[in-house]
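Peer 1: Line by line, the protein sequences are chains A and B.
Residue 321 in our numbering sits at position 321 of the first sequence, and the numbers go up by one each step.
Just add 599 to wherever you are in the second sequence, counting from 1, and you've got our numbering.
Think of the hints as simulated: they come from the structure by calculation, not from any bench.
Each residue gets a CB set at the ideal place from its N, CA and C atoms; glycine is no exception.
Mixed in with the good hints, there may be bad ones.
A few chain A residues that face chain B, going by a derived Cβ cut-off under 8 Å, partial list only [as the list claims (entries may be wrong)]:
1. Leu-364
2. Arg-367
3. Arg-368
4. Leu-372
5. Leu-374
6. Asp-376
7. Cys-380
8. Pro-382
9. Pro-383
10. Ser-394
11. Ile-397
12. His-398
13. Leu-426
14. Gly-429
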Amino acid sequence: MLDVAGLSVELARETESRVILDEVSFSVPERGLIGIVGESGAGKTVLGRALTGWVPEPLRQTAGSVSIDGRVLTTLKPEELRQIRGRTIGYIGSDPGTSFDPTIPIGVQIAQKLRAVVPGTSRDAAKKRVLDLLDQVRIPSAARRFDEYPYQFSGGMLQRAAIVDALVAKPKILICDNITQPLDVTIAAQIVRLLRGLERDLATAIVFFTASIPVAKELIDDLLVLEKGRIIERGGIGAVIAKPVSPHTKRLIDSSPRIWGQNVDVPRPAPAKEAKSEPLLLVADVVKTYRVPDRTRFTGTLDVKAVRGVTLEIRPGENVGLVGESGCGKSTLSRLLSWIEEPDAGRIVFQGKDMASLRGKERLAMRRRFQLLLQDPYNCLPPHLSVARTIRTSLDIHGVKGAEARDKVRAVMHEVGLKDEDAERLPIGMSAGQRQRVNIARALVLEPTLLILDETLSSLDPAEQSRLIDLFERLQVKHGLTYLVISHDLALVRKVCNRVAVMYLGKIVENAGNAQIFDQPSNPYTRALLSAVPVLDKGPFNPAECLVEGEPPSPINVPTGCSFASRCPKAQDLCRTDEPAFTPLGDGRGGVACHFPFV
Amino acid sequence: MTDTTATSLAAAGAAARGASPGARLWRETWRQREFRFGLIVILLLVAASILVPLLTGIDPGKMQIKNKYLPPIFLPGGDWTHILGTDHLGRDLFVRSLIGLQYALGISFTTVLLMFFFGSAVGLISGYFGKVVDALLMRLTDAQLSIPLIILAITLLTVSRPTVPLIIFVLAVSGWPVYARVARGVTLSERNKEYVRAAHILGASHWRIILTMIAPNILPPIAFVAVLDLARMMIFEAILGFMSIGVQPPTPTFGNIIADGRKYLINAWWIATMPGAFLLLALLSINLMGASLERARNKLFSGQI
Chain A
1 MLDVAGLSVE LARETESRVI LDEVSFSVPE RGLIGIVGES GAGKTVLGRA
51 LTGWVPEPLR QTAGSVSIDG RVLTTLKPEE LRQIRGRTIG YIGSDPGTSF
101 DPTIPIGVQI AQKLRAVVPG TSRDAAKKRV LDLLDQVRIP SAARRFDEYP
151 YQFSGGMLQR AAIVDALVAK PKILICDNIT QPLDVTIAAQ IVRLLRGLER
201 DLATAIVFFT ASIPVAKELI DDLLVLEKGR IIERGGIGAV IAKPVSPHTK
251 RLIDSSPRIW GQNVDVPRPA PAKEAKSEPL LLVADVVKTY RVPDRTRFTG
301 TLDVKAVRGV TLEIRPGENV GLVGESGCGK STLSRLLSWI EEPDAGRIVF
351 QGKDMASLRG KERLAMRRRF QLLLQDPYNC LPPHLSVART IRTSLDIHGV
401 KGAEARDKVR AVMHEVGLKD EDAERLPIGM SAGQRQRVNI ARALVLEPTL
451 LILDETLSSL DPAEQSRLID LFERLQVKHG LTYLVISHDL ALVRKVCNRV
501 AVMYLGKIVE NAGNAQIFDQ PSNPYTRALL SAVPVLDKGP FNPAECLVEG
551 EPPSPINVPT GCSFASRCPK AQDLCRTDEP AFTPLGDGRG GVACHFPFV
Chain B
600 MTDTTATSLA AAGAAARGAS PGARLWRETW RQREFRFGLI VILLLVAASI
650 LVPLLTGIDP GKMQIKNKYL PPIFLPGGDW THILGTDHLG RDLFVRSLIG
700 LQYALGISFT TVLLMFFFGS AVGLISGYFG KVVDALLMRL TDAQLSIPLI
750 ILAITLLTVS RPTVPLIIFV LAVSGWPVYA RVARGVTLSE RNKEYVRAAH
800 ILGASHWRII LTMIAPNILP PIAFVAVLDL ARMMIFEAIL GFMSIGVQPP
850 TPTFGNIIAD GRKYLINAWW IATMPGAFLL LALLSINLMG ASLERARNKL
900 FSGQI
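Bound conformation, chain A alone (with noise of 0.2 Å):
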């Protein structure tokens, strides 16, 4: 039915010109599932486009073509082209947050749309289409939620909406550029699980762009790998996974994630000796709610328990790893680890010393100790100052001064993988590996015992990811650094924590060692997290019987009883009056806050 024959494009600027897309050919049968898989720049989003027709300046086609239903797009005129994008042809982008209207509510706009695409349709014929399709894509309340606007909507909630959105007209085809990257596993778990459906009960064509093989699989049938603009491999997934024919295919598999099974990298184990000695960071019920403006009334305001209570032991050498999802507290728990906010309650307590004690001078020499590396390596450095002015500004903090400053800023830069002539560039150019590199030189020169790598790691690519994990055990085994990995990357967690903690709207669920955390969870919410990642092999725990529908409740109104209790599949009346207390499972099991855990 989409039939793309020989379609090339390229870049045409006036100072380069670059080849996007090289020869791509491909056709989508009337019904099935059809993913493209595709590094970075790899070309997915311009080929995702050109299959709506929509080539915008400065790309330009230079060769082959598309067509729906025989219909080459190009020689359309643009009344017929915008007949068939909505009617024929839905596409989806990969952020929810700038496909709505700010200022129109979810529900009307895409009833709007709708009339638009389809004359004749009446108001209310349109207001039931649109709830019905909300309903189908599962958004609870469907009739309440039609009259909210986009602000009011969770990440994975617009996500669904823009499902609704490109559906609504009937299309034959949907096009899914990336639409589960930004999500969390659990919530990006439940939207392939609903295309899934989708595919089936509308019998629409999926075409799904995505980067990482393993989403692939848990949707797909067909498999088209892009390579530099060329389709470099297809045929069925399970036959390609299983006998990939070009290396980079091979090396796309090779590099996704794995968690469980043979050839799992796991980390060096914690130095024994220190195991007993004094924690080297102790958190001891630490509590932090924000005050935020209530929107529905004129005055007052609502409270965001944003860490409500936790406790956590971070002993010398030993790498502790704190997972979960978005809005769960941990950048508010990163925040409060590394003193840029106080903590409502509590104590933070660093080498022996509780931080709320000192002052002034103290303080800033305590603060040398430990460092937070964030997660943005694109904002994160200060644009207007060199590599080396970037690096010199943490001595200068710390009152290091001359040629002692310049001797170590040159030294740390070497030791970070930073060349001489790196020291007077901007940010601005460098990639997104040596920007991280420049942030993690900065905290490197304090000399600091303990380092918070808030996602730090997340947005680079896994072969940087590697480097960069190499370098960080280059520098733990030189410096006797202690790591606190605070991530969503499950995988990435389990490649390099001793220790695992799991975060769950504000407080710690599950604390217990690596293998423990992965092979034998103790927490139904562990097991819905674990379940949830897309892996190549089978994972232990089947989605289907961890996780319940649904999203994390709100901070703002915190249910009584067990907070995962709206989503477990295990929960009981207990769970949803009295809320379970954390409690150590012994025989070095860790600890676990659950009433029914797994034993």
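Given the coordinates of chain A, work out where chain B should sit on it, guided by the hints.
Peer 2: Frame of chain A, contents of chain B only:
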């Protein structure tokens, strides 16, 4: 895609690498013809305004009734001793305009500098600290914004003698709130950026963050707007002079030259026109320089140099 674009840009900038960003910025600015042109013209004007009265020995206040209404050199009847002609009292317009330019440039430059630094400082502090500090400082700027320049100028400059410092004070006082507003707005968005957070984490004090992290990023764009304000301030200075509450005669200023020439517009149009011509030249060259600097800065921060 962003990654590959970034690398190709980096390759373009490879030749310039090694020099510090500041040095690269100056090199790129100097490379532009407009910048050099503007610099030369403005230097010539300033030099002329100091040297010409000295070298020619013409006194700007000296009246020669027999030489009144002498046209400029490019009109019939022009005379080389008075290149730009004379006014209704036979005073040399070239020298008078040059001295007027001295005052116009001096007053507007000082005013803009004062407004820029005071306004931006208020805006930075207000936006960075927020809460009570913000509320207080912003009400202060609101109060200031509600007093029109003309009313303030007439009141202050008629009550006490209009000296140069007082004129600068009046202009700056009514101009700074705009800078405070703009600086505050940008600071509000800048202070939540990751790199500012990163500086906090490293242990930087508030003042260090404001001065070394936020200010260098938000002030240059505001400074480019300030260059345009130079023109506005020169015109205000002329308006004050025209209303005879500017620098007082016998000192020639653009304002009082125009005020004198207004009555003779039909017969001797050049009297009121000459100050405008100098104003035009000076502003043109300043704006050319500002624009070149801005272009170079954009190139630097898009990784092209």
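Peer 1: For each hint, tell me whether it holds in the structure or not.
Peer 2: Outcome of the hint check:
no.	hint	in the structure
1	Leu-364	holds, 5 Å
2	Arg-367	holds, 4 Å
3	Arg-368	holds, 7 Å
4	Leu-372	holds, 5 Å
5	Leu-374	holds, 5 Å
6	Asp-376	holds, 5 Å
7	Cys-380	holds, 4 Å
8	Pro-382	holds, 5 Å
9	Pro-383	holds, 6 Å
10	Ser-394	holds, 5 Å
11	Ile-397	holds, 5 Å
12	His-398	holds, 7 Å
13	Leu-426	holds, 6 Å
14	Gly-429	holds, 3 Å
The structure agrees with every numbered hint stated previously.
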